[in-house]
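Asker: In case you want the letters, here they are:
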Amino acid sequence: MTFGQLPYDVAHLLGGGMLLLSFMLLYQRRVGAVINALAMQGGILAAAAAWQGVVQDAPQLFLTALIAFAAKAVLIPLALRHLLRRLDLHRTVETALGVGPSMIAGVALVALAILVVLPITAGVRAIAREDLALALSVVLLGMLMMITRRNAILQVVGLMTLENGLILAAVGVAGMPLVVELSTAALVMMLLVVGGVFVFQIRERFDTVDIGFLERHRGESP
Amino acid sequence: METFGAILTQVLHLALMLAAAPLVVGVTRWLKARMMGRRGASPLQPARDLDKLLRKTPVLAENASLVSEAAPYAGFAACLVAIALVPSFARGMAFAPLSDLILLAGLLAFARMALALAGMDVGTAFGGLGAAREMSFAVFAEPALLLCVLTFAILAGTTNLDLIATTIRDGALGLRVSLALAAMAMLAVAVAENARIPVDNPATHLELTMVHEAMLLESSGRHLALWEYQSALRLTLWLSLLVAVFLPFGAAPEASGPLAWAAGLVAWLAKMGAMCLGLAGFESAIAKMRVFRVPEFLGAALLLALLAAALLFVSTGLA
Amino acid sequence: MALAPLGAGGYTRSRESPPPVAVLTALALCLGVLVLLGALAVPLGRHRQAGRLVHGGCLIVALGFVAVALTALLAGAPAEPLVLPFGPPWAAARLGLDGLSAWFLLLLGVTGACASFFALGHPPGPARTLPPFPLFLAGMALTLAATDAFVLLLGFELMSLVSWALVAADHEKPENRAAARLYLIFAVLAGGCLVPAFGLLAGNAGGITFEAMRAAPPEGWGAAAVLALALAGAGAKAGLVPFHAWLPLAHPAAPSHVSALMSGAMTKVAVYVLARLLLDLCGPAQPSWWGIPLLVLGAGSALLGALRANLEDDSKTLLACSTIENIGFVVLGLGLALAFRGADLGPLAALAAGAALLHALNHGVFKTLLFLVAGAVLHGAGSRRLDRLGGLIHAMPVTAGCALVGAAAAASLPPLSGFASEWLLLQSLLAGWRVSDIGFQVITAAAAAIAAMAAALAAAAMLRLFGLVFLGRPRSPRGAGAEEVSAIERGALLLPTALTLLLGLFPGVLLGLAAPALRVLTGRPAEAPARGAWLTAGEGAAGYAPLAVALLLAVAFLGVALLVRRRSPNATQRGPVWNCGFIDGPFGPFGDPLAQPSAGGIAQPLRRMLGENLLRARESVEMPRPGETRPGHYASSFEDPSGPLLIAPAAALRDRIAAQAERLRDLTIRQCLSLSFAALVGLLALLAWLEAG
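Chains A, B and C are the protein sequences, given in the same order.
For the first sequence, my numbering begins at 1 and goes up steadily by one.
For the second sequence, my numbering begins at 1 and goes up steadily by one.
For the third sequence, my numbering begins at 1 and goes up steadily by one.
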């Protein structure tokens, strides 16, 4: 399979779409938009898994696709939105590294991924090679997002992108065992992390309120 | 016979573009109004406005120079030549050998320069502000465009628009991630070049937001008509360019007959209608961004285009 | 003695042509006349007609250069160099021309003729500027006509020193003195790098003629050292980043016609030396990566120069910065040619080299035009500062028209000359991916983006220059009283204007003329990237026909004007400016000049978008509090990175070395003697080692 053949082209395009959305995640400044992009990435991941299911004739991949769609495109984004509303977090993204530099760093990471993957997989078919490069890029961009964003929700988003990249790599390789199990396990982990953030954020919230409370009262009693 | 066909398609193409340009603007405005829950003016309104403006007496400022009088014509001529090079319903038009993408960028830069000169001619604050911003946006848009051209040059082996469109239509390239990335970058460039939301708002005269309109404040009558027509032509050109490169299906091949032309025309009209719908939807959904965030927007386009080229380097290295 | 025909393919016309020693004799005669003029100008200095004599002579000689160069390019270069009856002790001096030097001689002749012509009509400057001017021309011509390292370096140093005298001509102003000092330091750096570069090329045998150097191309670390030294030496004279700090200071300090010559021709002579060293004398077998340093420096120069041109508020400094940008473009082309040649892609190497050669010529002409315009504006309106000019299109229509053509060419708009060479350059950058090395591919893609960005920046800078100087309203009383310059000056402006138009319309013809130079640069008989009126890239895949484009534009312009006027016959009316209803204060005949956009205001978007990151630009606004009557204050500034990164450490190093050297003064006589003894022994040991190795 090379360029010009439909199965490869569509898989490649979906991988590229995930990469594009990773960049959009880095580019966005509003938390709501970031969550939307994450949901779209989850949707594309589900489509990629389903397509691989068709191409490789592997029905278990449809299960992966279904789980990915339900959890990543629908449930987790809804939960994050809920969190956002409930905690009334800052709507703007707080960055440790500006949007421009993090985009440039992102392109550099993609270049790195390409340079790393291509020589290693010299004997493999072109389809796996480039998809692997794309998936590694998505993973690296997720990590970049985790280290360059201050907001805890965005760090969760970064982690989810990272996991999306891993699953993309897993479904792209024909004959990989335990794909469904792996992706489910990763999903459970993600849910745990989301729940943890929920708790963590609430505690931090009370802390700040508490401190604010104290500060407010200090001025009255000299 | 083939030469005759080429010349005929070229003439028909030019007439089509001149007729379609006000209509594209009108349709987009109408669709936008409908999406926002208004009734909207008739799609023919821009054409009527142009005719009305043409009949009015132009008033120039006391210290306006020849630049104010000649620039509208010069800019319009450049836009006209540029749009004659972008294929619409048929390939292999008479000017097809000239239709180089770098020349196209140069002609658009010519028109931009004419507009900016006219903006600075009278020495008003708004004119200078608009001119400076317009030129500054181009500083980011042109490299992004050139990297898109690089992507096409690698895929099709040429920078000639007609040949690129033919190569992509033949489907030898398949669906490429690079093309998708280049399409995103080129969309961003098109939005910036046409001064649409989120870069500029074509519908306001609010000082803080305007770029393109700020340069036209001193022109009136036929000069204003020429500028308005020109910006309509530019919008049509960009939409047509995007259609020609990324959705080249259905256009009549080189040296074909009137039947294929008619089919190509229908396909082109449908695709342009879809583009207008997309543009109206995008503009209704999104807000204008601050002026100094535009470099970030176009910088992202630049990086995407660079990524598209880099991915192609990898796959050409693989083959 | 095969100076010109390098390739085995042969160049038939050179065999048919008559023995063109006459060409070289004419060249030698021209050089002699220039030296004579320089000598005559010393006693005649204060005479009223001295300027006329010197500049008239220079004009004739420059036209002679054009004739010589055209003969050499058309009829084939003279195969045998002309042996002069004098020279250094070891051999007689020789003059020769091949395709490459003839091309640059053509550029020198055209630029020199325009500059001399303009100087004829210009009010005479101080007498001390007269003698160096012909010598400056002579130095450049001698550099080009050299066939060995000695004559080349002699001409190069003559050019540097004499132009230093011209930069320092107006030495009453302290900033000019500082500029001249910096200029001299960089000239010394250039010489100090070029001498060892030629020394390395000459090798142990010490053959300083070019053919001896070509016969023994350097290898290994020697070749790398030649590359580094040539880039530093020629780059310092050409104003290549990071050795550009002197250029925006020195070019404006000289009289305008000299600035034109310095920007138009002198920087190109340095580029010629670079091309001669790297693409000719080092032999055609150098590897592909040699192009990369040139690409990086060229792209850096293009970006930095173009950005600075947008921030400067002195018209001549702005033009000098634009020169840095264009030198960057030429060096980009040369770097690509080196890389393509190394990768055995002959036609692409010819494309890139053609872009470099054509851009050198085009830039030489339009930059001369623009500097002469700046001189005319200085003469007619009394200032170079953009914030003191404005509205000159009414008072100086001819100058304004010429300026518009020059600015449009510098902004690389079709169908003018700048666009033709820019098109070739971008096409060769877009072909960079054909070198199958992913690192190089990414570098060329980045360089292509930077080149496009620099071209757009140049357009913004040229709009700013033309808009602030010629459009709008006068910004000072002196500017309001401006008058058109004299007929001779107008003629001198019209000459390069016409040339700019012609060069833009017929680049194909010029590239045909440049075929001998292309052969030198690509090391083989090369097809020029042109076919008839078309410029072509690659295997006929893309083309640009400037004549057709110009014709289409003209037809469209006239047709639209005709049709629109038929529909809309009303004559234009004049009325007060609308300006959104804002009414200026009653300051002068044209209202308050400060209500117009200023140089700093037009620069503001780019200063914020790019300047803050690349040039550490800052701006501060100090607003009076409500109720206060003092004016608000706005200030902006920027700092070129070469200042803190190169100049400051170099100055600190110099101070440290000076402090160390001070200690030598306290040595006893025995220590002094042992020092010189150690130096002698060391040199002898080096000689022994070299002979052994």
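Simulated from the structure, these hints should not be mistaken for laboratory data.
Just so it is clear, the structure is predicted and the values come from calculations on it, not from any experiment.
Some hints here could point you the wrong way.
[What the hints assert, rightly or not] A few chain C residues that don't get close to chain B, going by computed Cβ distances all over 10 Å:
#1 Leu161
#2 Ala452
#3 Ala456
#4 Leu552
#5 Ala571
#6 Pro576
#7 Leu606
#8 Asp666
#9 Ala688
[Claimed, not checked] Partner residues aside, some chain B positions facing chain C, computed with beta carbon under 7 Å:
#10 Leu80
#11 Thr158
#12 Leu187
All residues carry an ideal CB built from backbone N, CA and C; glycine is no exception.
Asker: Each of the hints needs a verdict: does it hold here or not?
Answerer: Hints, verified against the model:
1. Its beta-carbon lying about 39 Å from the closest one in chain B, C/Leu161 satisfies the requirement of being farther than 10 Å from that chain.
2. The Cβ of C/Ala452 sits about 4 Å from the closest Cβ of chain B, inside the 10 Å cut-off, so the non-interface label is violated.
3. With a least beta-carbon separation of about 4 Å from chain B, C/Ala456 fails to lie farther than 10 Å from that chain, contradicting its non-interface assignment.
4. A beta-carbon of chain B comes within 10 Å of the beta-carbon of C/Leu552; the shortest separation is about 5 Å.
5. Not every Cβ of chain B is farther than 10 Å from the Cβ of C/Ala571; the closest lies at roughly 8 Å, contradicting the non-interface assignment.
6. At the 10 Å boundary, the C-beta of C/Pro576 falls inside the reach of chain B, the nearest C-beta of that chain being 6 Å off.
7. Residue-level check failed: C/Leu606 sits 5 Å from the nearest beta carbon of chain B, not beyond 10 Å.
8. Residue-level check passed: C/Asp666 sits 58 Å from the nearest beta carbon of chain B, beyond 10 Å.
9. Every beta carbon of chain B lies more than 10 Å from that of C/Ala688, the smallest distance being close to 50 Å; the non-interface claim holds.
10. Proximity of B/Leu80 to chain C holds as hinted, the smallest CB-CB distance being about 5 Å (cut-off 7 Å).
11. Satisfaction of the interface hint for B/Thr158 is found here, the shortest Cβ-Cβ separation to chain C being roughly 4 Å, below the 7 Å cut-off.
12. For B/Leu187, the shortest C-beta to C-beta distance to chain C is roughly 18 Å, which exceeds 7 Å, and the interface hint is violated.
Checked against the numbered hints listed earlier, the structure breaks hints 2, 3, 4, 5, 6, 7, 12; every other hint is satisfied.
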